[in-house]
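**Q** In case you want the letters, here they are:
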Amino acid sequence: MNLHDYLYYIILPILSLSSLVVFIRFLIGPGIVDRVVALDLVITIGIGIIAIYSIINDKPTFLDIATILALIAFLGTVAFAYYLEKRNKKDE
Amino acid sequence: MSELLIYILSTLGAIFAMLAAIGILRMPDAFLRISVTTKAATLGVGLLLGAAALYFNDFSVSTRVQAIIIFIILTAPVGAHLIGRTSYFLGNKMWKNSVIDDLEGKYDKKNHKLLSEDVAEKNIREKKEEEKK
Chain A
1 MNLHDYLYYI
11 ILPILSLSSL
21 VVFIRFLIGP
31 GIVDRVVALD
41 LVITIGIGII
51 AIYSIINDKP
61 TFLDIATILA
71 LIAFLGTVAF
81 AYYLEKRNKK
91 DE
Chain B
1 MSELLIYILS
11 TLGAIFAMLA
21 AIGILRMPDA
31 FLRISVTTKA
41 ATLGVGLLLG
51 AAALYFNDFS
61 VSTRVQAIII
71 FIILTAPVGA
81 HLIGRTSYFL
91 GNKMWKNSVI
101 DDLEGKYDKK
111 NHKLLSEDVA
121 EKNIREKKEE
131 EKK
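Line by line, the protein sequences are chains A and B. By the working numbering, the letter at position 21 of the first sequence is numbered 21, and the numbering carries on one by one without gaps. By the working numbering, the letter at position 122 of the second sequence is numbered 122, and the numbering carries on one by one without gaps.
Chain A on its own, in the form it takes in the complex (with noise of 0.2 Å):
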């Protein structure tokens, strides 16, 4: 069993099965914040699996995308904060 086999066969479905297990969660709440952490982790496993990908595809260019997954992720929780706070803040 050489890297590349390794790598199909036993890391992608274990980061696989991670993100299904994590998309569980997100459909099963409960609240809205437990939504927000839930996509903000599948993204971040998604980092991962594009990682393994460009290993076993040979193709470093896959990484550029996982650093833009990055940057969507930041903001998304950050937008998703913002306005889920200024939702029910009140100013006098």
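Do not take every clue at face value.
As the list claims (entries may be wrong) - No farther apart than 30 Å at their CA atoms in a straight line, the calculated lysine-lysine pairs in the DSS-like style are these:
| # | chain 1 | residue 1 | chain 2 | residue 2 |
| --- | --- | --- | --- | --- |
| 1 | B | 93 | A | 86 |
| 2 | B | 96 | B | 122 |
| 3 | B | 113 | A | 59 |
| 4 | B | 110 | B | 133 |
| 5 | B | 132 | B | 93 |
| 6 | A | 86 | B | 110 |
| 7 | B | 96 | B | 127 |
| 8 | B | 93 | B | 113 |
| 9 | B | 132 | B | 106 |
| 10 | B | 127 | B | 109 |
| 11 | B | 113 | A | 86 |
| 12 | B | 96 | B | 133 |
| 13 | A | 86 | B | 96 |
| 14 | B | 132 | B | 96 |
| 15 | B | 96 | B | 128 |
| 16 | B | 122 | A | 86 |
| 17 | A | 86 | B | 39 |
| 18 | B | 109 | A | 86 |
| 19 | B | 113 | B | 132 |
| 20 | B | 106 | B | 39 |
| 21 | B | 106 | A | 86 |
| 22 | A | 86 | B | 133 |
| 23 | B | 106 | B | 96 |
As the list claims (entries may be wrong) - Short derived list, chain A residues pointing at chain B, Cβ under 7 Å:
| # | residue |
| --- | --- |
| 24 | 16 |
| 25 | 27 |
| 26 | 29 |
Said to hold, decoys possible - Chain A is faced by these chain B residues, among others (derived, beta-carbon under 8 Å):
| # | residue |
| --- | --- |
| 27 | 13 |
| 28 | 18 |
| 29 | 20 |
| 30 | 43 |
| 31 | 45 |
| 32 | 48 |
| 33 | 52 |
| 34 | 67 |
| 35 | 71 |
| 36 | 72 |
| 37 | 75 |
| 38 | 77 |
| 39 | 79 |
| 40 | 86 |
Derived from the structure by calculation, the hints contain no laboratory data. Source: prediction; values computed, not measured. Glycine included, each C-beta is placed from N, C-alpha and C at the ideal position.
Could you slot chain B onto chain A? The hints should help.
**A** Here is chain B on its own, set in the frame of chain A:
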């Protein structure tokens, strides 16, 4: 030698990502979920990206990987803090076995300003006396 390191890093990274996933499913309240995902997922993804950097062994790729890792390490705690603060304001209950809530009574519920310690203690005492009546 380098291949062995790639095996080790990718295995550890996958294990930590899996632990984060199990943690977000099994933890009892929103704050514990935020805490577990921030730490375990950051470490796991960092290790997986490190495996990619070792595999390509190229200056441009390892610079890119470093940029991603540093960005994730910088932004994960900031995002977790913001979403945790929001969760506190939205009134999410803590787990029933949690020991202490340090912020109890210290936040003004209307305009979200942080009160000083003695004002907060006075508020809590008044609330308890009202409950007694």
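**Q** State the violated hints by number, sorted upward, taking the hints as numbered earlier in the document.
**A** 3, 22, 24, 25, 26, 30, 38
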